[in-house]
Structure formats: structure tokens, C-alpha cells
Amino acid sequence: MLKRLVATTVFLLITSIGVLAEPVYDSIEAFQASPEYAQFIIDNLWILLAAALVFIMHLGFASIESGMTQAKNTVNVIYKNVFILCAGILTYAFIGFQIMYPGDFNGYFGFGGFGIGFDASDPVGFLTPAYGEQMTIWADFIFQAMFAATAATIVSGCVTGRIKLHVFMMFGVLLVAISYPITGSWVWGGGWLDELGFYDFAGSTLVHGVGGVAGLACIILLGARKGKFKDGKVVPILGHNIPLATVGAFLLWFGWFGFNGGSVLSANPMEVSYVFVTTALSAAAGAVSAMLVTKLVINKLDATMALNGILAGLVGITAGADVIAPALAVVVGAIAGGIVVFSVMMLDKLKLDDPVGAVSVHGTCGIWGTLAVGIFVAEFSFLTQLIGTLAVMGFTFIFSLAVFAAFKYTIGVRVSEDYENSGLDIAEHGVSAYPNFAGIDTNGAPSPELAKS
Amino acid sequence: MLKRLVATTVFLLITSIGVLAEPVYDSIEAFQASPEYAQFIIDNLWILLAAALVFIMHLGFASIESGMTQAKNTVNVIYKNVFILCAGILTYAFIGFQIMYPGDFNGYFGFGGFGIGFDASDPVGFLTPAYGEQMTIWADFIFQAMFAATAATIVSGCVTGRIKLHVFMMFGVLLVAISYPITGSWVWGGGWLDELGFYDFAGSTLVHGVGGVAGLACIILLGARKGKFKDGKVVPILGHNIPLATVGAFLLWFGWFGFNGGSVLSANPMEVSYVFVTTALSAAAGAVSAMLVTKLVINKLDATMALNGILAGLVGITAGADVIAPALAVVVGAIAGGIVVFSVMMLDKLKLDDPVGAVSVHGTCGIWGTLAVGIFVAEFSFLTQLIGTLAVMGFTFIFSLAVFAAFKYTIGVRVSEDYENSGLDIAEHGVSAYPNFAGIDTNGAPSPELAKS
Amino acid sequence: MLKRLVATTVFLLITSIGVLAEPVYDSIEAFQASPEYAQFIIDNLWILLAAALVFIMHLGFASIESGMTQAKNTVNVIYKNVFILCAGILTYAFIGFQIMYPGDFNGYFGFGGFGIGFDASDPVGFLTPAYGEQMTIWADFIFQAMFAATAATIVSGCVTGRIKLHVFMMFGVLLVAISYPITGSWVWGGGWLDELGFYDFAGSTLVHGVGGVAGLACIILLGARKGKFKDGKVVPILGHNIPLATVGAFLLWFGWFGFNGGSVLSANPMEVSYVFVTTALSAAAGAVSAMLVTKLVINKLDATMALNGILAGLVGITAGADVIAPALAVVVGAIAGGIVVFSVMMLDKLKLDDPVGAVSVHGTCGIWGTLAVGIFVAEFSFLTQLIGTLAVMGFTFIFSLAVFAAFKYTIGVRVSEDYENSGLDIAEHGVSAYPNFAGIDTNGAPSPELAKS
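Residue numbers (the working numbering), protein chains in the order written: chain L, 1 to 453; chain P, 1 to 453; chain C, 1 to 453.
Hints should not be assumed to be uniformly reliable.
Intra- or inter-copy, both count: the list cannot distinguish identical chains.
Unchecked claim - With a cut-off of at most 30 Å between alpha-carbon atoms, the simulated DSBU-like pairs for lysine-lysine come out as follows: (1) 295 / 408; (2) 226 / 295; (3) 295 / 233; (4) 408 / 300; (5) 226 / 300.
No wet-lab data here; the hints were simulated from the structure.
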């Protein structure tokens, strides 16, 4: 009795606003008997696998952010990343998905209703082309949901080591729930930028650019970590665990096959294969180029810059992975690998402290990748690509600046100097990430950190 | 000559007891020419991919168990996990698979014969529906084999830091080879609980509950680690590597898409997509809920509890991932995330030392997940779910208690105090997990540990 | 204008030498409307997924090599691995792919032309069977490209800790670009060994044997690490991070499902399922066997040898994963797991310093696996298998010896004693892999290493 009531209420809540679309088949059985059904199964399976691959990118982000920053803030990094991934998925299910894909709308802002949103008579989207003919709405939702938290996770890298935990949590949720799906609807939801002919295949701008520019807004308001800029000089604050950062970078590349490959939105063999090739070539070129440029410009054989070069190549090709020729994908990646080095140096010069280089990797290379489509592909206009990049990044920057400023001038965004010195792990969480690590196990005695807390 | 002899002998040994079933197609060629064949390829491929995903969960288990326990027992943890995974696969191939899926049997215990078991005239199960119409018997076997070691790996986490290595090895093999497939046959093999209407989609009870309750039995007989309970107080023994534990938790979630998604036993787009969504929503809700509850109840921002919250949500949804509505999956996960916190506190109160919280995550949340099907889904009876949970867990608990007691009162189950103090890595393996880690490399000089051994 | 010019030039460059083959379909549309198309999508998708799985093996290699060697060389290991993976992909795209698959050729050496190579009128290989009927040329290329760097990465493990970075980079590129595709063309490209009836399913010899024997040649010319052999005794130089090595070994196993499973070159359910089963059984048997043999022979419970046992089983089954019976796969893996232990001891006796055991795992077990096909499978001749193994490994050994000797007697191959003592991370890269790790964070002060550089 009770369980029926609960189930029905929830069901009605979710289905209250359905998606209206022309029916294609009369019944699920009719569709399953059609010759198109086998292709549908494959397409749908690929989207699900791509969702799993994008999911593992979040482990990549957590690992590279931890590895490239100080040991004393590692638990904090992990806490932030777990929270924003999970809260992001839930928020996207609650409102984000239907802001990003509102159906028919004015092109600037729409809202399809709470929940994942489906037609009660066609719960999986078999009978209507509402969510594309290649997948169920569940597959579409889970693929998009895995994307959603990415932007906020990028911000996490920028603000690490000195932001108040609950400020990040609130800012991240607002970014994922409101700003990201609004700008997303302009292009992928069929909004004004899509109508204008702006092209961003898998999100050089819509995902990575958004994360990078939001992070930049936060960095400006938050200020640098103590000791990063001293007497007009840049003092490097080294990451504490390069193998962990490496695990992160490789998992990001691995997941990117799903990020870009899944953005084909079907298992079309020509397109998905093509996207795998351009993605891999650009990543490889990005790494080799970043290694070379770092050696030539600052005479260092820098492993972390090589890892950032991989990511630069990946971000760079993301906007045009399905339209840029493989040989040009090498060019796009190689340029991205050079850009990221100069962008990191430029931010240092501007005294903007981005501990993991996320603004450069995702923001600067996101811009480059989006413009590269206008440069290298005849069908697309450079001007339109520029307009789209500016519009999306501009909106995100202003949104982020406004929200983060509101926090700054009310509850404050930065931890105390004491907290920053001792590290956020001890200060906020009362533990260290590596208690009793170096062979000095205490056989059950409480660690000094915990005793203190 | 010799090779033919060997091959023939082994072949005959394996095929001596085949599986009898009605043939569906006259020949493999006839099946391959049928319109059903394309779907068969997809279904089969998905089961194989799911098997690979479940495989990577074992790296997840090894990483989270290492990371959440002390550095001095890390090599031991890894040795145990590698052994039980590999021995588990071999044992399952030898007898487990055909105990779990014995074909027609009395509903309580059956044995189809040694080996993987197939009909020599139809080695891959194309012509008969013996192993389901969606996959070859090889795909079915490898998917199930990857599940098999899971229960024993869960036990590994519970007993870590003080169990004799060879006792764990023997206990683990017996659990995987005998107890796990017997209770498995009751439900998935078509036994008495299946007939009764008990439902456990992917193993909240059959896999996770079994592992948790077997671990509980061992903990009771083994006693707590030295120093964990002192003067009536709980002394936390911190894990030594939180990023490693994080890698573990994320890989478990990643693999769980195969664990639950593959349990559909086909690539049915409606069902697999649905399962991906419920699985992700429950995991996300579990983490957020565990974070919130930990903050409210013990006022801590606890990253390891957040990771356990993810796992709690995953275990919780596993029994009903294909039948619980997405909105209710959030509820199931959120409750699981709360339960795990209280369960950990309760075990501490009972002076039961479970170093990684595996009894709570897999046992307690396994019970919750199985009962949740009876609570939230109209077609299933709460009472039947309760009976099934009690039967499976009761059998496993008694089996584990009996076997472990037999070891305890003969060869002994616990290492000496000296061993426990110095850590099992040095004591049992003669090495440390991180020799010369902190920049004090000795250029080829033997490490002090090895010199001692 | 400019972009059209660039695109056209690059396009013409790449397509200048196309692959000629009989057309099968008149148009892409005709193919897509054919009943074969659904199977084509599945086959192609599986090859792409397999490529992603092989990709993640490179993280496995980087992790196991880092973990099994000293902390002071970790950044260097990572730098080498990132470089060789990325440079390998680019080189393979530029010339390697068309050396390995030159089309019609004399059976010893051929070159199909620069670039990935395709017919401009059929850019994805839909209309011709040129690259197999199961996949697009893009999918074929990316799958093969992920294999290409493997051999050089294996060498990286052998020479770690004392090789000059730029020497490794040059040697690795030459191996991937020239030697590997030449011997590859003899078998997989349809050359003389293929005609002879030599069988190497997924590369026990062609990939792993090649890497192992190339590493052996380098080791001989390079000499042992300082302090490894002292007064006629072997002094173990322990790996610094066993959990990292474990992550590596498990990721290698995970990726091997794609390495072997993808080598079916289609999603054929019978064959791919079979390969998954033999691969897993051999890996499991390899680990258990290596554990047992290590215990019996040197009385140690050695976790790193267990990990090497997994890899030994995987390398061993690779040549015959699709033709060796599952029960015999257990035998092949078990023997491989024993061989690897003795091979490691033998190399030590010969004073050949192979820090991670790569010569034994990939070289010795590669030979074993290739010969095992001739021993256990009636259709194949032991003698032919022996001839093929000797030919491929002989060519690679001589090539490697010649190239490496050329470097040795001109620019020198070995770092200075000072560099080796301080570790290559500080010496070549100016950083440590774990700066300020053990809780001694310096709040932004430069690490002493960096200050020094």
C-alpha cells in the first residue's frame, strides 16, 4: 500500500512534464521487430559504455589534481571531487538535464520540467525521436550527467589549497545546476548559437572552456596561495605525487575516447573510428610538442608539462574531432601543446595562481580548439566560432564572478592563514592523506593529527 | 602425438559431463544466417565487456583495502588479493560454475560435473538455450568467474592485519569453491529461493551479503587488532594512503556498471540503460548522504566515509537495479549512505574490528538493498525477501564460523604479537611496500628489511 | 582560402599512395542498406573498444615500471613512457603502419607509402575488403597504433635507472618505426613467415618477444646498475611502491582483454569469448604458479613475483589464445609462471641487470608462448614455430645491438656515476617524484631539489 503510494507519487512528479514529439513506431514491439532495432541496440550500448568512460575521467581529475598539488591538501581535494561528482549527477537529474535540453524554447533559456523528463507512454524514448533515434532517454541522460560535473571539477583544480570547502561546494553546485546547462542549451539544446552555425562537437568551449573560465574568475577573487609570488618572483609549489598525476592524465585520455567518441551519439563506424583517430593523434602531438617547447623555452625536461600537453591536445581537438582531418589533428594538438606552456607562463606573470594549470589546459586550449574548427574546416566560419566562444565564456565568466563575489563579500571565500599553513587536510578534515606512511606505524596508537582534532 | 594425447585427454575430461538441453538451431551456420544473430553478437559482446569491468573491480578492492589500512600490511593485502582472485577463477572453472549452475537439480545442492561444462557437439552453446539465448557459454562463464572471487576479497578486508596468510588462502578458496556457489544456486541457478519468488538482481545478498557475513564470522573468531580497543575506548587506526583508497572506490563504481549492467544478461537497451541510471543515482546519493550524516552525527568531513558512502549506495541498489524507479534509487542510496555510518559505529561499539568497514558496506547494506526490493517494488514480497536474505546469510555465516573455527582450534588463525607489531609485510614477506621511499635511496644497498630476512 | 590550401595539401600528401583492392560494394549507401551492416558496426565498435583497452596498458606499463624501481628514477620513467607512447603513435601513423601492412609485397620488406594510407574514393574502407571486412581503416589503424609503442615500452623497463634519456628516446623511436613493423609484416602483413605457416595470434613473439629481446640487447651493452652485483653476489634493488606496481599489473591484465580479444579482428562471439576465457585462465594460473614456485625454490612469499606471474601467463597465452583449449591454457600459464621465476634467476646469474624482469616476462615467456602453440595445437608445427621465433627475435636482437652499439661508441649510452647516484629525477629533470611528501610541506618554499637545479 505505502510503497505503491510512494512509487506513484514519485512517478507522477517525474512524469508531470513529459516531452512531446511525433511518434515514430506504434508500439515497442513494432520497433523491436523492425530491421533498425539491431543498430539501435549497438548505438545505445556504445553511449552507455561512453558514459562509463566519461565517469572514469572523474577519477582522472581527482588523481591529477591531488598529484599536482601539495600532500597537505590531498584529502580536501578528494572530498571536493567526490562531492561535486555526486552532487552534480543528482542536480543534473533534478533540473540540469531539462535546462540543457528543454525541447522547443526561445533559444536563450528554457526549462523542460523537474526530473529526467519523459513521456509516460514511452518511458525509454523508443517510439519517438525525442532523444535521438540512437538511444533510450536513460542512456542519453547518463551520458550527459557524466559530463555535467566536469566543469566544476576543473574549477576545483584552480582554487585548491585555499578555498573554504563549503564555498566550493555551493559554487560548484550552482555552476553545474544553472550556468553550465544554460550555455549548453544555446548549442547542444538547439539554441541561438546552434542556429547561428556555431560548432562545438564535444565541448572544447561548452565543457572545458566553461570550467577554465569559471576557474579564472574564482582565482582572481580568491588570490594566490601564500608564498607563490614573493618579491616579484614566482616560487614553484611542487606537486607531491607525480605517479598519481600520471595515473590521472592517462585515465583522462582513456575516458576521452568516450567523451569524444560518445559525442557522435551513435556507433556510426565511420564517425566514431574517425574521432578515435583524431583524438589520439592530437593527444600524442600535444605531449610531444609540450615536451619540446618546454625544453626549448625554459630548458627543462618536465614530466608534468608533458602530462598537461596530453590534456591540451585532447581539449584542443574536442571541438572538431569529427570534422578535422587526421593530419590536421596533429597540427591542432601540437599547437595546443605549445599554447599550454605559454599560457601557464603568462598566468604566472599576471600573478594568477592556478595550481594545476587548469585555466591554461581547459580554458586557453578550449578557446584554441573552438577557433581551430573555424580555421581548419572549410564549412565553418571563424567569426561564428569566435562569437560563440566569447558568448559562452563571457556568460560563464560573469556568472562566476558575480556568484563568487557574492560569497566573498558575505561569508568569505578564503580559509585563514593558519588553515592554509597547516594544510586543509588537518584543518578541515582532521586527518592527513598519508598517516604514518614512512614505516613509522604506531600499532594502533592514534595519529597525532587525530588526537589534536 | 603426445600433444594430441594431452589435448584429447583434457578435452574428454572436461566434456565428460555435458549440459543437456533442447537444440534450437540445426547447425551453427543456420544460426549465423538467422536474423537473431546480430543481436546475439551484441549481447555476447556486452557480457564480455561487463566481465572485464567486473575484473577491474578486483583492482578496486585491492586498492581500497591497501589504502584504508596501515602501510606495514600493504604487501600482504596485495598478495592475498592477487591470490584469491586467481585461485578463485581457477576453482570456479574447476567446480564452482557447475555447482552454481548445475542444470536440473533438487533446488538445494547440485553438481553438473567438473570443468566449465558443455555439450561436445555444441561447444559454445549456439544451438541450445542452455546458457541463455544471449551469449556463448564461454562469455557466461567468464562473467560469472569474475564475480566468484568477490565474496572472498570482501573477507580479506575484514581480517586484514592479523590473520595468518595461509589460513586466509584456505578459507577464501573454500568460500569461493563451495559456500558461494551453493547459495548462488538457490537463486541464480534456479533453486528453492528462486522458486519462492526471492529476487536479488545482481547480488546485494548473493555476493556482497555473503562476503560481509563471512567476514563477520571471521572477525568474531579472530579478535580485534592490537590497540584498536583500549580501556573501553575505540582507537582509530588510520588508513595510510587515501588517494589509493580513492582510486579503489572509483574503480569499484566504474566496474559496477558491468556488475549490474551485465547482470541484465543481454544488451537490452531499455534494461541496461535503466540499470546504469539507477546504479549511478544510488551511488551518488550514497556518497552525499554519508557525507551529510557523518557531519551531523560525529561532526566530521570524512573523505573515507564518503568513499564508503559510494560503495554503500552501489551495494544497496544491486538487488533491485532493474526494478526500482530512478527516483527511488536515490532514496535507496541515500538510506544506504546513512546506514553505513551507523553500522560502522555499531560494530565499534560491539568491539568488532573491521578495518575497512567491509561488514557494514557489503553486509549491512547488502541486507538493506535486498529488503528494499520488497519495500519499494510492488511485485515483490517483503517477507520473501527477508526469508531469502536470512537463508543465504545464515548458511554462509554458519559455514564460515564452522570452517574458521576448525582452523582456529587446530592450526591457529592469528599471527603472533611480534608479527602483528612489526607488520605482516616484513614478518611474512620480508619486504616493505615502500622501500626507501622518502628520498633516501641506497643505490643498490640491500634494504634493512631484506637483510634481516 | 589558406585553410583549404593546407587541408588539400595534407590530404593529397596522405592519399598520394592509396591501397588498391577489389571493390565489394558500389557505394557506401549500398553497404549501409545491406544485411551485413549491423555486424560491421558491432565488429568495428569492438575494435575501437579494444584499442582503448590496449591504450590503458600503457598506464599499466608506466605504473609497474615506476613501482618496481627506485623512487629516485620515477619522473624519468614517466617521462620516457609518455614520450615513447606519443612519439610511437605519431611515427606509426607516419610510416610504421604502411611498413607493417604494405599490401602486396615481397614478403620481407615493403612500404605502402606515408600516412595512414587509404583510397581517396573510399576513405574508410567500406567498399573494399582492403583492411578486413570487419572494420574501417581508421579503427584498424588506431588498434594497431596502440600496439606499436608496446615493444619500446618494454625496453624502457630493462634500461631504467642508468640510460641517457635522449638515447632511449632515439632508440625507442627507431625500434617502433622500423624494426617492429618490419618483423610484423613478415607475419601479420602476410609476409614470408605467414606463408610458412607460422602462427602468432596476438604477438607473444611479434610484440612481447620483440620488446624483450631488444631490451636484452640494450642491457648487454649498457651494463648493470651500480651496486647490483657486488663481490659475485646479487644485491636486490627493491622497487619503491608495490601498490603502484599492482595497479600496473591489473591494468595490464584489464587491457589484455582488448589486446587478445581485439586480435580476433571482429566481435565473433565464439572466438572473442573463447579468447577471454583462455586469457583469464592463463593469467590466473601464471600468478598461482609463480607464487608456488617462488615459495618452493627460494622460500619467499613474493608479491612482485606474483604480479610478474600474471604477466607471464598473459604473455604465454598471447600466441595461441584462440587455438589453445581452455584446460591447456591453464597449463600454458602455469608453466609460464614457473619459467619467469627461473628466467629472472638466470639473468641474475649472468649478471644481466633487468630491473623489472621485462626480459623474462616478455622475452622468455614470449618464446614459450609461441612454441606452446606448436606443442599443444595439432594444426601447427613446432619446427615452424621455432623458426619464426628465431627469425623475428634474431632480426630484432641484431637490429637493436647494432643501433645501440652505434650510440654507445659515439654519443655514449650511459649516464655519469654522479647522475646515477643522485637519481635521474634530480639529475635530468631537476625534480623529485614525491616532493615534500612526508608531511614536511614547506608552504610554498621551493623544494631543495629545485633550488639546486
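At 30 Å max between alpha carbons, let me know whether residue 226 reaches residue 300 within a copy, between copies, both or neither.
-> both (25 Å within a copy, 26 Å between copies)
Classify it for me, residue 295 with residue 408: is the Cα-Cα distance of at most 30 Å met within a copy, between copies, both or neither?
-> Close across copies (24 Å), not inside one copy (40 Å); limit 30 Å.
For the identical chains here, do residue 408 and residue 300 meet the 30 Å Cα criterion within one copy, between copies, both, or neither?
-> Between copies, since 24 Å is at most 30 Å while 38 Å is not.
From the Cα coordinates, with 30 Å as the cut-off, is the pair residue 226 and residue 295 best called within, between, both, or neither?
-> both (28 Å within a copy, 29 Å between copies)
For residue 295 vs residue 233, is the C-alpha pair at or below 30 Å within one copy, between two copies, both, or neither?
-> within (21 Å within a copy, 41 Å between copies)
Violated hints for the displayed structure: none, as all numbered hints are satisfied.
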